[in-house]
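Full structure from sequences and hints, please.
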Amino acid sequence: MARQRKGEVAINHNYCKRCNICPQFCPTKNLEIVGGKLVSYDRCIACFACERYCPDLAIEVVKIYHVETTPAG
Amino acid sequence: MEDTMRFKRFLKEENLPTPWCPGCGNGQILKSACQAFEELNFDKRQVVIVSGIGCAGRSAGFFDMDSVHTAHGRAIPVAEGIKTANENLKVVVLSGDGDLLGIGGNHLLHATRRNTPISIICYSNEIYGMTGGQVSPTTRLNTKTVTTPEGNKDCPVNVQAIIKAHNCFYARSTTFHLAHLKKSIIEALRHPGLSFVDVICQCIVNNGRRVGFKDAFEMLMYYKNNYKINDNTELLKENEIGITRWTSA
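Same order as they appear, the protein sequences are chains F and X. My numbering applies: residue 1 is where the first sequence begins, and numbers increase by one. My numbering applies: residue 1001 is where the second sequence begins, and numbers increase by one.
Read the hints as simulated data drawn from the structure, not as lab findings. Check each hint, because a few of them may be wrong.
Per the computed footprint, the stretches of chain F lying under chain X, defined by three or more beta-carbons under 8 Å from a beta-carbon of chain X, are [claimed, not checked]:
(1) 4-17
(2) 21-30
(3) 52-59
C-beta atoms are modelled at their ideal positions from N, C-alpha and C, and glycine is treated no differently.
Below, the structure written as structure tokens:
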């Protein structure tokens, strides 16, 4: 089963200065600077490291709550 | 908005983004100060922010509260004046090391002597960053700067001794230890007399690159490996950060 993502990284591109702090703090390599722009993939585990260390208030992590479904029977 | 971003109510969002360089630690301190205000549940009308000149001096402009951007080095006298005029206000000084210890060093000395109940948060990036990286009062020995190309020959100012000499609150933290930084600011704001938080922060563009760091992350990792937290001491050593014990004499 593929790992479900637990959070979504909302990046404010007007505030982001591409200082390259958050991609190196991310434990799952979810953030990357591609072509002068910060992008996030779907491996977020909602650890909030990027949000805490961002000096420019550009990142906001939104937790995703998955509803647990148990198979019938 | 998530709970973790509720501190943004203290900031004027139309003034953002901050004018600081990419990777600068000032934003992290600004954020931690707002988080501390949020944790203590401050009323916006009860807090006044005072700042001086320099990179760190720009921080007064972002607060959605009463804030004063004063002359160079004169942040503490203005803060003391505000506190004397209205004792109910919480006065917080946010300024840099050059402003507080270099140009305004005399005012700091006399503010600690009078023990005026204000909180001072010092952004100690060990350089005069805004003017291009000249040697500042907190620059370490043998550090290369623009004005000391063969290394700084003078020893840095011992801030802790100045503050502790008059029995005021002193805490030291870094921008890597953000939880500890927030705790230090909260303790400082709760303190009944003058409180001083010395925050070691990275200046990658004008200091770190010249010293040999590749990017801001490397400087943060240096803080992680170099500084140990020690909250149970009266006098911090050079490689320790912590909240010094304060005894009411």
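Hints not upheld, ascending by number: none
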